[in-house]
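K.L.:
So the chains spell out like this:
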Amino acid sequence: MTQDLFYSICGIALFGIGLYGLLIPPHILQKILAVNVMGTGVFMVLIATAQSRAPAIDPVPHAMVLTGIVVAVAGTALALSLVCRIYALSDDTEQDAGR
Amino acid sequence: MFRELNSNAAPPAGLRIVCALAIVGLTLALIAAVVVSGPAAPGLQAAVAAALPHSGVENPVTAVLLNFRSYDTLLEIAVLFVVAVATLPLRRAVAPQRTEAVAVEPVLAALVKLLVPLVVLTGGYLLWVGAYAPGGAFQAGALLAGAGVLLSLAGGFSLAALPARPLLVVGLVVFTAVAAAVGAITGAFLQYPVAAAGVLILVIEAAATVSIAATLLLLYGNLAEPVPSGPLAGTKEPAS
Amino acid sequence: MNWNSLLPLLIVLSALVPGLIIFCLDESRRTLRTTLNICGALTTLVLIGIMVSGVYQGDLVETRLPLLPDMDIVLHADALSLLFVSLSGLLWLVTTVYAIGYLEDSPNRSRFFGFFSFCVSATLGIALAGNLITFLIFYELLTLTTYPLVVHRGTAKSLRAGRIYLLYTMIGGALLLGGVVWLKSLAGALDFTANGMLADLPHLERGQLQIIFALLIAGLGVKAALVPLHGWLPVAMAAPAPVSALLHAVAVVKAGAFGIVRVVYDVYGIDFARELNVTPVLAAIAAVTIVYGSLRALFQDDLKKRLAYSTVSQVSYIALGTAIAGPVATIGGIVHLVHQGLMKITLFFGAGNLAETLGIHKVSEMDGVGRRMPWTMVAFTLAALGMIGMPPVAGFVSKWYLGVGAMEADAFWVILVLAASSLLNAAYFLPLLFRAWFKPQRGTWPAERRFGAWETHWMLLLPPLITMLVALGVGVFAGGFASPLTWTTLIAAREYGLGALPAVTPGLLQVPLLWAAILAPLLLAAALAFPRLRRRCWYWAPWTALPALAAAVWSSEGQNLLPWLFFGSIVELDSVGRVFLLLAAVLWLTAALYAREYLRDDPQKERFFLFFLLAMGGNFGLILSLDAFGFITFFTLMSLAAYGLVVHTGTREALRAGKTYMQWVIIGEVLLFAGFTWLAYSAGSSEIRALAAAPHNDWIFGLLIAGFGIKAGLLSMHVWLPRAHPVAPIPASAVLSGVMVKAGLLGWLRFMSDGDAAAATAIDWGTVLLWLGLGGAVLAVLAGVVQRNPKTLLAYSTISQMGIIAAGFGAGLLRPELWPLLVPALLVYALHHGLAKGALFFSVGLTAQLAAPQRRWLWVAVALPALALAGLPFTSGALAKVALKTAVADLAVLTAVLPVTAIGTALLMIRFMDLLRQGVAEQKAPGAVGGFLLLPFMMLLLPLAGAAFLLPEAQVFLPALTVPSTLWTAVWPAAVGVAVYLVCRALLQKTAPLPAGDIIVPVEAALLYWRRWWRRPARPAPALGGYRQLQQQFARLATAGADRSDGPSLPLQVYWSNPGLVFIVVLFALLAVTFS
Amino acid sequence: MSGLSLPALLPWLVGLPLLAAAASFAGQRWVAGRWLNAVGAAAQLALAVLVLWLLAAGDSGLGQRYTLGGWGAPLGIDLYIDGFAGLMIAITAALGFVLSLYSCSYFTEPDQAARFWPLWWLLMVALNAVFLAADAFNIYVTLEILGLAAVALVALQGGRPALQAALRYLLVGLLGSLCYLLGVALLYRAYGTLDLAQLGQLVHAAPLSWAALGLITVGLLLKTALLPLHFWLPPAHANAPAPVSAALSALVVKASFYLLARFWLETLSAATTAQGLQVLGVLGAAAVLVGSIQAIRAQRLKLIVAYSTVAQLGYLFLLFPLFGRPSDTAGLGGAVVDAVAYFIIAHACAKAAMFLAAGNIQRAAGHDDISRLHGIARRQPLSLFAFAIAGASLIGLPPSGGFVAKWLLLNAAIDAGQWWWLITVIAGGLLAAVYVFRVLNLAFTDSAEQPPAAEAQPVLPRLLPLGAFALAIITVLLGFNALWVLEVLDIGVPPLQLAADGEAL
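Protein chains in written order, with the numbering used here: chain A, 9 to 107; chain B, 7 to 246; chain C, 4 to 1079; chain D, 7 to 511.
Hints were generated in silico from the structure; no laboratory data involved. Note that this is a predicted model, so its numbers are computed, not measured. By construction, the Cβ of each residue, glycine as well, lies at the ideal position given by its N, Cα and C atoms. Do not rely on the hints blindly, as some may be mistaken.
Below, a sample of chain A positions facing chain B; criterion: calculated Cβ distance under 8 Å [said to hold, decoys possible]:
1. 16
2. 41
3. 68
4. 85
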C-alpha cells in the first residue's frame, strides 16, 4: 500500500462523501459545501499522483490543483451570490424587521 | 435562515438509503480500479525538469503555470473575470448605507493601522518569491484581498469606492497583450523569448495579483454588504 | 442553364413568387392582391403552354438542382406530368377567381391568398417531380401549406378539422419518408423511368420491396383518401368553399392519386408490380374505397360532406385504374384524374354558391333551388350526371375505359364494382337534382343575399360554368385532338411501349340531313331554356320532327363520320333504321301537334315541351347513331327526358310512378353499360357493327337482353310501364308506348341479330326470350282486362304486343336462318303497333274532350285502330300478323300461341271500347278546342292504313294477305274474343282492378314491412340485449342521418341505418368474387 | 496558401473575444458602445469564415495543430482544428453575430447591458476554446468558463425563477466538471499525459480507463442534459433572456456533446464497449420521446422550446450506436458524423430562431402562457412566421435543413443496418409536429376577447423580429445545398486510414 495509493483512495472517498452531500441533503448551503468537499477529494487524488514517484515531484498536477482551486473558489462565489439574491427576493416581505 | 430556500424537504428515507448505497458502490468501484491499475505512470516531471532552464523561473510549478501551460492560467483568470462580472450589479446598485457615524471599535482601528502595511509587504514578497519557491500571483492576490477586507471591517473604507472596473480587467488585458506581443515576436502565441521570460512572467503575475485581489474583494463586498431591499435596481422584472 | 432546363423551375416559382409578395401586402390592398393573383395564374398557364409545345416537339425539358452527394432535385416534364400540371394550372386560375369572389369582405385574405399560391406551387412541384425524392419534398410541402387553408376561419370546428387533417397527413408523410429512404438505400437514385426502374435491378429482395410498396402506398393513400386513411377528408369540409374545391378537385387528393400512379408505373413498373402481386391488393383496397365512399355519401345530409365522401370513392377509380394491369385501364385511371377534377370542382363551386348566396348547407334545404339559381344548378346537374357516369359528360369516358380495361385484364369483379358505384352515385346525387328542380321552394332561404341582375356574384357564377363547359367538352369531344383522352393514350403507349396511336381519320358528312334531324329538336329545346324565347318557340315544336320525316322518306343511304365527336361518332341510315325513323317521325309529329292543343292552357307547357323535345332528339339520335358512345348517349338522353314527361302533372301518383320509372332506367343503364364494355373489349372498337359481329358470351347476352328488355317492357321487367304511361299526359303516353318502347327492340336488332355471334353461349337465350315474350303477351292481357283506366289497359296492351315481338325475336335467336324473313316481319309489326297504339291514346283524349254530338261518329274513328290492332283482315294489323306467321311458320309452339294472343288482343280492344263508352276516362271540360285535336288524330289514321302497305318490307307478305285461309285465321280469333267478352262482361265489371305494376307491388310491400320492422321500438329481450342496443343505436343514427322528406327514396336507398353493416355485406361479396 | 497560415489564426479565435470582453467591460460609459459589440461580432465572424475557408482550401485533408507557447504536446497545450471543429466554430461565429445584433436592441437598460456584453464575449471565448481544445485539463477550464458564463447569463434578469434555475444549473455544472476532472486525474495517473492525441494512442482497455471514461461521460452528459440528467435544462433555458436561451440551446449544450463525441469516438475509443454505445443510443431515443411528450404538455411557450431542445439532443446521441468505424483510426469521419454534424447545425439555427421568436412574443404580450396568447398573430406576424419555419425544420419538413439532416440520419441508420432507429427518428418528427402546430394554431385563433389595450403592448424595435426571421431563412437555405457543408466535414479524416478501411470519402 504505497503512500500515493492511500491518498488516492482517501481522495476518492472524499469525492464519494461530497457526492452524497450534494445529492441528498435538501439545504442549499450543504450542497455548496459538498461541492467543495468533492473538489478537495479530486485535488487530493491529483496530489497523490504527483507524489507517486516520491522524491521527484511532478509539477503538472500541482499546477492543475492550483488552477482547480481558483476555479472552485469562483464557482462557490457565484453560487453564494445567487443564493443571496434568491434569499433577498424571497424574503422581501419580512425585510423591514431585519437590519 | 435559508431553510425556506429549498422548499423540497429532505427526500424520503428509502430514496436516501438507495442513493447512499449507489454512491458507496461507485466509490468502491473507483477505488478498486485505482488499486488494480497498480503504480501511476511516470508523469511529466522529467519533461518539466528538462525544459525548466528555458522557462525563465526556477520554481517548476510556476514554470508550468505561467510558461508551459500558460494558456490554462489565462483561461483561469478569465474564469475569475466571469464571476466578477456576474456579481457586479449588487455593488453598484447598492447605495452605501454604511455612514461614517457608525462607531469604529478603537482596538480594531489600531490593529488595522498596524497590520495592513505588513500584509501588503508580504503580498509583494510572495509575488516575487513565486519565481523561485511556491508563491505567485494567486497567493499574493488572496493576501491583498484579506487586507482589503480588514479595512472594510474597520469601517474606514467602503468597497464601493474602489475603482472596480479597471482593476478587475487589468490582469486579463495585460496577460493577453503580453501573449499577443510575444506571439508576434517569437511566432507562437504565449511563447516568451527565453531571455525575457522571467521578467514577462513577473509582469503578468503582478497584473494578475491586482485583478485577483480586486475580484476577491468584490466577491466579499457583494456577500457581506446589506442586501438592497426590493427588486434589484436596473433589473427589469419580467412578470413570471 | 438554357431555356428548357429553366422552364419547370420557372413554373413552380411563378406560383411561389406572387404568394410571397401577397404575404407582405396588408389587407386593404385589394386590387393589387387580385391583380397579382390573376397574373400569377396567367403566367403559369402561359409557361405551361410553352412547355407543352416544347415537349410536343420532343425536346427534353428538365431542371436538375444538386441537393446531396448522390441525390438531386429533378423537375422533369413528361406526358403524365404535363397532364397534371395543365389541370392544376387551369383549375388554379378558376379557383382564384372564385376565391376572390367568395372571400369578398372576410378578414385576413392576404394570408389566405399567400398560402393559396404556395399550395399551388407545391402541387405544380409534385406534378413536375422527376424523382421520388423531389416528389416527397413537394408532397410534404403541400401538407404544410394546406394546413393554414383548412384552419383559415379560425373557428373551433375548423381548428379541429385542421388537427385531424394534420394527424393523418403527417403520419402519411412519415410513412412515405420511411419508404423512400429505405428504397433509396436499396436502389440508389430513384429517377422516374418509363416502365419502372426497379424491374432491371436484379439483386433486390422481394419481401423488402413489398413492404416498401406497402409503406409508399400507405403514405400516398392518406392523401388519396383510401379507405382506412380517408377520415380527414369529410372533416376538412370545415374549410371555406374555394379551399375544399382546391383540396378535393386539384391539389391534395390528386397529389395522392398522382403519387400512386407514379409509384406503380414509374418506380415499380406495372409488370414488376404485378409479379410482386401487390397490384391486386391495391385494386381490392381501391374497390372497397369506391363502394364504402359512395355508401357513406348516401347518408350525409350536409351537402359538402356528401361531396367529400363522393370524392373519397371517385379518387379510388384512379387507383383502381392503375392497379388493374392493362393499357386501357391505365388510360381510364389517368384520364379520370382530369375528369374527376373538372366535375368535382364544379360541384364544389355550386355548393359554395348555394352556401354563399342562399345560406344553404343541408341537402334538405335545397328544395326549389333550381328556380332561384338556374345557371348554377345547371352546372351542378351536369357535373352530377357526369359523376354518375351518364354520357356525354366526362365521367362516362373514364368509366367506359375502366370497364373495357377491366375486361382486358379479365377482372370481371371490377365491372361489378363500377356498376355498384354508379348505382350508389345515382342514389345520392339524383335526390339532390330532384329536390332542386322538381320540388317547390319551402319557406324563405336561410340567408339570402341579392347580387343585382345575376343570380349570384359574377365571380361566383363564372367559374362553375367554365369548368362545367370544359367537363362537357372533354366528354363530348373525347376523341378530339387535344382532349385529355388522347393525351392519356399517349401516356399509356409510353408506359406499355405500345405502337403509335391509331391514325385519326378525317371526318365526312355524306348525309347532313341526318344530323339536322337530330339537332333540330335539341336546338329548339336549348332555345326554350332562355326566358325571352320561351313564350314564342314552344309553338314551333311539331315542325322540328319534319327533318326526320324527310330523312326517313327521301334521304339516301350514307354514313356521317365525325372522329372528333365522342369516340368517333357514326350517324347512318340503314334499312332497319329507316322504318324506325319513319315510325318515330310520324308519331313525334302528331304527338307534338296534339300536345300543342291539349296543353294550350297548361301553365307548365314550356317545361313539358323542353322535355318533349329532348326526348325527341334523343330518340332520333338513338335510331340513327351507329357507334356505341353515341347510341348510349342518346338512349340516356331519351330516358332521362321521358322522366320529365312522366312527372309532368306533378300529382303524388305521377311522382311515385316517376320514381319507379327512374329506378328502372338507372338499373337498365347500368346493365347496358356492363354489357357494352364487355362487348367493346371483345370487339376491340366502339363501332356497333363490329360490336354486333363480336362473339357474345352468356354474360353479354344476359346483360343486353335485360338492359333492352327493361325498355321494351319484357315480362318481370315491365313493372314501371303500366305505372308511368297512364300518368303522363296523352301525347306523352302516346310517344312513350308508341316509340320509346320500340328502342328496346331496336337495341336487340342492332346488337344481337347477327347469327354466328350467339355461337359461344351455353344458355339457349332464344327459348328464354320466346317464353318470356309469350308469357308477357298472355299475362298482360289478363292484367289489362281487369283494369278500370283505359290508359292502363292500353299500357298492358303495349306489354302484350311487345311480348309478341320479343317472342318473334326469340325465334330468330333460336333459328338464325329465319332472320332474312323475320326482320321485315318484326319491323312491320312494330310500325303497325306504334301507329295503332298512338291512335288509341289520342282517341282516349278525344272522347274526354269532344262535345256530345261529335262523339257519336267518333266510334267509327276509334274502331279503326282498335280493330287493326286486333288483326281484322285488310287492316295493317292483319298484315303484321300474317307477316309474323309466315316468318315463323315452322316453329310449332309459336304458330300455336299466336292465335291465342290474337284473341287476347281482341278481348282487350273490346274492353277498351266498352270503357270508353262508359265515359270512365277523366272528364275534361269539353271546349271548342276539341276540333283541333281531331286533325292530328286523322293525320295518324292515314299512315296507319296506308304506310303499313307501302313499306318495301311489307311487299313480300301482300300476296299472302288475300289468300282465303289467312282471311279466316284473321277473323275467328276476333270473333272468339268478342264472344268471350260478352260472356264474362258482368264478371269483369265486379272484379276490383289489379293495381298497376302488379308483381312489383308485393316486393315493395315486403320492403316497407322490413323497414318498419327494423326501426320498431326496442322491447327488453335479455337474450338479445346487446343486439337490441346495437340496433337501436342504428335507428338513432338513421333518423339523424337520412332526410325524412318524401323525396324519391329509391328502393335501393333502404334506410339501413348503419353503412358499416351494408359495407360488410358488399365487402364479402367482393372478396368472394375476387377469389372465386 | 496565402501569407496567413491557418494555425496562426487559431489563437486569435480565442484571443479576439477575450479582448472584446475586456473592452466591453471597461467601456460601458459610451452610449453607442452596444453597436461596437456588433462590429466585434462581425470581426469574429469574418475570422471564423477565413479559418474555415483556409481549412477547406487546405489540400492535406488533415486537421491543423498549433502548439501554444511552443512547448509541444505533453508539456505544453496544443490547439487542434479539423472539419467538425471548424464547422462548429463557424456556426458559433455566425449565430454569435446574429444574436449579438439581436441583443443590441434587446438589452436596452444600461445596467443589464453592462453585465451582458462581457459575459456574452466570455461565452464566445469558452465555446471557441472548447472546439479548439486538444488538452484534457484545458477542456476542464474551458468547460468551467462555459458553465459559469452560462449561469451568469441565465441569472441576468434576476427574476426568482431565473435565479433558482441558474443555481440548479450551476450546481449541476460544478458536479459535471468535478466528475470530468476526476476522470482526467485518473487518466493522467494511468497514462501520464494530458494531450488527447497522445492519449488516443496510449489508451487500452483497462479498469482505470473504463473508470475514467465513465466519469468523463457522466460529467459531460450532465452538461449536455441527456434524458435522465436533463431536469435542469428546461427551467434554465426557459427563464433566460431570449438571446441567451438561444445561445444556450443552440451552442452550449452542443459543445459538451462535441467533447463527448471526441472522447468516445476518438480519444478513448479503445476503452469504449459496444454495450456502452448502445446504451447512449437508447438514452438518446428515450430523450427524443420523453422530451417531445413533455414539450406537448408544457404550457409556457419558452418551456415548450426548451423541452424540444432536450428532445432534439436525443437525435444527436444516435451517433454513438451508428458509428461503425473501427475504433483505432483518429478523426471523426464517415456518413454518420456528417448526418449528426448537419443535424447540429440545422438544429442550432432552428432552435435559435425559435427562442428569439418566443422571446419576441413574450416581450410583446408580457407573458408566454399559450392559452392566453390568442391575438398574437396580428401583433407579431413575422415572429410567428419565423417560429413556423423553424418548427418545420425541427419536424423535418422538406424545404429546411432539418429535413436534410433527418434524411442523412435515416440513410445512415439503414446503411448501418440498425433500422429500429428509423422508427425513433420518424416518431420524433411526428411528436415534434404536435407541439409545433399546437403553437402555430395561435396564428389562426381570432381571440374572442379584446386584445389588451394598445398602449399596454410595448412596441418591439424592428430588429427583434428581423433577427428571428434571418435565422429562420438560414435554416431554409441550409435545406437546399448541403454538398459544401458535407465536404468540409470530411476534413480531418486522415485519407491514409480511409484508404485502409475502404470507407467512401
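K.L.:
Does each hint hold? Answer for all of them.
P.N.:
Here is what the structure says about each hint:
Evaluation of the residue 16/A hint against chain B yields a held restraint, the C-beta minimum of about 5 Å falling below 8 Å. Using the Cβ-Cβ criterion of 8 Å, the hint placing residue 41/A at the interface with chain B is not satisfied: the shortest such distance is roughly 12 Å. Annotation: residue 68/A was flagged as interfacial toward chain B, and the flag holds, the nearest CB pair being 5 Å apart, inside 8 Å. Annotation: interface hint on residue 85/A holds; nearest CB of chain B at approximately 4 Å, less than 8 Å.
Taken one by one, the earlier hints fail for this structure only at number 2.
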